[in-house]
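Could you build the full structure based on these sequences and the hints that come with them?
From first to last, the protein sequence lines stand for chains Y and W. Sequential numbering from 1 applies to the first sequence in this note's numbering. Sequential numbering from 1 applies to the second sequence in this note's numbering.
Wrong hints could be hidden among the right ones.
[Unchecked claim] Taking lysine to aspartate or glutamate pairs in the EDC-like style, the calculated list, with each CA pair at most 20 Å apart, reads:
id, chain 1, residue 1, chain 2, residue 2
1, W, Lys45, W, Asp105
2, W, Lys106, Y, Asp32
3, W, Lys106, W, Asp44
4, W, Lys45, Y, Asp64
5, W, Lys106, W, Asp42
6, W, Lys45, W, Asp101
[Unchecked claim] Per label pair, the in silico range of CB-to-CB distance:
id, chain 1, residue 1, chain 2, residue 2, range
7, Y, Gly33, W, Val80, 28 to 34 Å
8, W, Ala129, Y, Arg28, 30 to 36 Å
9, W, Ser40, Y, Leu24, 37 to 43 Å
10, Y, Asp62, W, Arg139, 55 to 61 Å
11, Y, Leu10, W, Cys51, 46 to 52 Å
12, Y, Glu31, W, Val36, 35 to 41 Å
13, Y, Thr66, W, Ala99, 28 to 34 Å
14, Y, Val36, W, Ser91, 54 to 60 Å
15, W, Pro100, Y, Val21, 35 to 41 Å
16, Y, Leu24, W, Pro104, 37 to 43 Å
[As the list claims (entries may be wrong)] A partial selection of chain W residues facing chain Y, derived with a Cβ cut-off under 10 Å:
id, residue
17, Asn10
18, Val14
19, Trp16
20, Arg18
No wet-lab data here; the hints were simulated from the structure. From the three backbone atoms N, C-alpha and C, an ideal C-beta is built for every residue, glycine too.
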Amino acid sequence: MSSWVVGTVLVLCGLTTILLVVHLIRDRAAEDGMFVLLGITELVLLAQLVGGCIALGNTERDVDGTLFVSYLVGVALALPIGAFWSLAERTRAGTAVVLLAVLTVAALEVRLDAIWAGAS
Amino acid sequence: MSRIGTESTNALAVGWGRALVFVYGVFAVAATGRSVLQISTDFDKAPLAYCLSLLAAAVYLVATTALLLGGRTGWRVAAVAVSVELLGVLSVGALSYAAPDLFPDKTVWSHFGQGYGFLPLVLPFAGLAWLWHTRALARYPI
Chain Y
1 MSSWVVGTVL
11 VLCGLTTILL
21 VVHLIRDRAA
31 EDGMFVLLGI
41 TELVLLAQLV
51 GGCIALGNTE
61 RDVDGTLFVS
71 YLVGVALALP
81 IGAFWSLAER
91 TRAGTAVVLL
101 AVLTVAALEV
111 RLDAIWAGAS
Chain W
1 MSRIGTESTN
11 ALAVGWGRAL
21 VFVYGVFAVA
31 ATGRSVLQIS
41 TDFDKAPLAY
51 CLSLLAAAVY
61 LVATTALLLG
71 GRTGWRVAAV
81 AVSVELLGVL
91 SVGALSYAAP
101 DLFPDKTVWS
111 HFGQGYGFLP
121 LVLPFAGLAW
131 LWHTRALARY
141 PI
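In structure tokens, the structure reads:
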């Protein structure tokens, strides 16, 4: 598990968070540009899911496999579910749902990194 | 500003309620996953803590489902679940400080949800505020 992946995900989450907060304050619904950014983040997360499983198979470290894979899957599911859940709510509350999904991804990603480092 | 979530409907998962349901859903999944893993792998390490984790998971699942269902029953079930949640996080939080040897391992609610950015402490208040906002539903004719 490369720390580059974790860094990329966190930077993408940070960028998306700033955009979403601005939209939230200006009382706007999430826009196409944001979904492009979410799509890019999701691609990185899916690559991480595949790469993480391969890395888990090859590593000699003492990583809790079940926990690690469940986090890999969870972090990849958060954005699609959040985006889908926000679609029926085209107001700033919908923007808040997407923002919560992005923050969930950031939190899970930090935790994922700790689990890879050996935390249980 | 647009009026959010105040339309006359029996749904609880509209407007800001939608954001609330999302957070409850995340916690339902997180707490369920955590307690299932804890209980299946190492139950004897901290039985009380793990049982409380399971209780937390059940409360979050019930609250999420009730909010999704909406209507009068959904409102009432959600009110009970959120109240239990508030009691749980306050008592387990206090107990984990007062009697730390009862908790060799953490639960979602120990130290008032410190491991989860204190969100478990904030969430029931947000839930109660939303239920108060939608209290007309308690009398909604089904």
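These are the hints, each one checked on the structure:
no. : hint                            : result
1   : W/Lys45 to W/Asp105             : holds (8 Å)
2   : W/Lys106 to Y/Asp32             : violated (41 Å)
3   : W/Lys106 to W/Asp44             : holds (14 Å)
4   : W/Lys45 to Y/Asp64              : holds (17 Å)
5   : W/Lys106 to W/Asp42             : holds (13 Å)
6   : W/Lys45 to W/Asp101             : holds (12 Å)
7   : Y/Gly33 to W/Val80: 28 to 34 Å  : violated (42 Å)
8   : W/Ala129 to Y/Arg28: 30 to 36 Å : violated (24 Å)
9   : W/Ser40 to Y/Leu24: 37 to 43 Å  : holds (40 Å)
10  : Y/Asp62 to W/Arg139: 55 to 61 Å : holds (57 Å)
11  : Y/Leu10 to W/Cys51: 46 to 52 Å  : violated (35 Å)
12  : Y/Glu31 to W/Val36: 35 to 41 Å  : holds (38 Å)
13  : Y/Thr66 to W/Ala99: 28 to 34 Å  : holds (30 Å)
14  : Y/Val36 to W/Ser91: 54 to 60 Å  : violated (46 Å)
15  : W/Pro100 to Y/Val21: 35 to 41 Å : holds (38 Å)
16  : Y/Leu24 to W/Pro104: 37 to 43 Å : holds (41 Å)
17  : Asn10                           : violated (16 Å)
18  : Val14                           : holds (7 Å)
19  : Trp16                           : holds (5 Å)
20  : Arg18                           : holds (5 Å)
Checked against the numbered hints given earlier, the structure breaks hints 2, 7, 8, 11, 14, 17 and satisfies all the rest.
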